[in-house]
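Asks: Each chain is listed here by its residues.
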Amino acid sequence: MKYIYSNCLGSFVFDEEFRPLDKRMFSKEELLKNENSLEKNEWLDSEREFIRKYSGDKIFFIGFKKEKILNVVTTQDPKKLSHVSELSIFQFEKTRNANIIITKQKIKESTGNDLLAMKSVSALDELNKSINLLAKKLREWYELYNPEFSKSVSDNERFVALVLEKDRKELLKGLSLGEDESMGADFSASDLKPILGLARDIKALIELKKQQESYLESLMEKACPNINATAGAFIGAKLINYAGSLENLAMMTSSKIQLLGAEKALFRHLKDRKHKLPKYGILHEHPFVLGAGRETRGKAARMISSKVSIAAKVDFFRGEFVGDRLKKQMELRK
Amino acid sequence: MKQKYNGIFESNRMLYTKSITHGVKFFEEDIVKENGEEYRNFNPTRSKLAAGAVKGIKETGLNEGSGVLYLGAAHGYTVSFISDIVGSKGFIFAIDFAPRVVRDLVFVAEKRKNIAPILADANRPESFFHRIAAVDVLYQDIAQKNQAEIFLKNAALFLKKGGYGMIAVKARSIDVTKEPKKIFQEVKNEMEREMEIVDYRNLEPFQKAHALFVLRKI
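Line order of the protein sequences matches chains A and B.
Under the working numbering, think of the first position of the first sequence as 1, with each following residue one higher.
Under the working numbering, think of the first position of the second sequence as 335, with each following residue one higher.
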C-alpha cells in the first residue's frame, strides 16, 4: 500500500508507515504551473507518473481532487494530511520561498480593468473636490480686487479662464462699469501675480480632470460596455468601486445595486424600523432619477438597477453587447 | 520590562513583544531598547490579540517555536507580533483574500523569515491546503457571516490534536440586527460541539461588539 501526496514544492510517495519512498521536486518553472492545477484540485503530471509507477500497489492519494482516477482512493483524513504535510515541508524556509513566489504572481494577475476604473473614478472624485475648493479660495482672494466680476460668473471654469485671459478693465467694461466704480482695491503687479498663479494651476487641474474623464469613458467603454450604456461611465465606475470589483457587482441582486451608497441609511432602518428605508444610493445621480418627479424617483431607481444588474452580468461573463437594447428599454419605461 | 504572558511583555501599562528584527519598524510602532533587546509596542486598539491580553487572556497556545495558521492576516499588524512571540524557530502561514492587503503582507513577510504570505480564500481550504502544513495554533480574524463555520472547517483539517485556536468574533458581520450577547452565545454553542472552550473575553473598550474565544482541539 502506498500514499501519494503533493504540495507546492513537489510530489511524494510514502509507504503504509509513512516512510518516505520517492519524491519529485518541482523546478521554479513548474512551481507556478502546478500551483494552478493544485489550486483547482486537478491531477498533476508528477502524480499520474507515480500512480503509473506504483500501479501494482493499493494507492491512497492524500488531498483534494475533482476527478476520480480508477483504483486510486482519495482521502482528506486530517491525521494523514497532517502527517505527510509535516514530513514534506522539511524546513519552513523552502515552503515560505515558494509561497512568496506564488503569492506575488497571484497579486500581479489580480489587477484588471475594473480595478483601473475604480481607481480612476476615485481620483476623479478627489480632483473635483479639490478644484471646487481651490476655486472657492481663488474667488475669495480675487474678490478683494474685482468683486463685481466674480459675482457675475458662477461657473468656476469660465471664471478661471476669463480671469487669465482679460485684465480687470476689460472684465469690468463687459459689465458696463469703470474701474473707479468698482469696490475692488487696486493691486500692485506683485500682489496680483500669486492670484493669477493660483488661477493658472486651477486651470491646469481642470484640464487634467478632462483628460481623466475621457480616459475613464474610454476605459469603461472597453471594459464594461453594457454598464457604460446603462449607467454611464462615471456612475458605472462608482458602482463597481462600491461593489469592490466587477465580479462582485455582477453577483449582486438588483435591489442591492439600487442601494449601493446608501448603507448608512439602510442599516439605520434595519436597526430601527421607524426610520425610512432608502430608495437609492449612488443611482440618485443618474439623469433618469434626477429627472423624475418626487413620486417616481424610487421607481426610476428600481428600473435602472434592474437593467444595470443585467448589464453587469453580461460585462463580467463577457457576452455580446446588449447595452443599446437595455438603454432603449430604459428610455421607453421613462 | 516584565514578562506578562508567554512572549508578551509589559512596561508602563503598555504591552510589548521582543523583536526578532532589530532596527526595523513595520507599522510606525514605538520601540523600547533594553539590555540589548528591542521591544515593539503592541497596541490593543489595533490588534484583537493585544486587546485580549489586556482583558486578561493568559493562555493562547502561542509559544516559542509554535506553528501558526492565521486566517484574515490583512496588512500583517497582529501577524508581525505573533511572529515575534513564536520566534525564529516558529512559523506562520498568513492568509488573506484581498490582493491589496496581501501586497502589504508580502512586504512584511520578506523582512521576517518566519512568515509565509498566502493569497487565498479561507472559506475554501481545498484551494490552499497544498501550501501549508498542520499547525499548533489556529488564529482567525475574519469578518464574514459564516466565520464560525470557516474556523471549524480549518481547525478540523489543519489544527493538530491538543492544538489551540483563537477566533475574534465580530457580531455585526454575523447579524447586524441581533444583540451581540446573543450572537456570542450562539457562536459558543457552535464551537462547543467540536472544541473545548478555554477562555472568552469581550474586547470592549478596544473593539465594539467583538469577542475573542480561546479554544482547544480535543
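Rather than coming from a laboratory, the hints here were simulated on the basis of the structure.
Predicted model, so just to flag it, every value in this text is computed and none were measured.
Incorrect hints may have been included.
Stated by the list, open to error - Chain B is nowhere near these chain A residues, computed Cβ spacing over 10 Å in every case:
(1) L38
(2) V73
(3) P78
(4) E93
(5) I102
(6) L196
(7) K210
(8) K328
Claimed, not checked - According to the in silico footprint, chain B covers these stretches of chain A (three or more CB under 8 Å from chain B):
(9) 104–115
(10) 216–224
(11) 279–290
Just so it is clear, CB atoms sit at the ideal spot from N, CA and C, and this is done for glycine as well.
Asks: Can you list which hints this structure breaks, lowest number first?
Replies: Hints 1, 3, 4, 5, 10, 11 not satisfied by this model.
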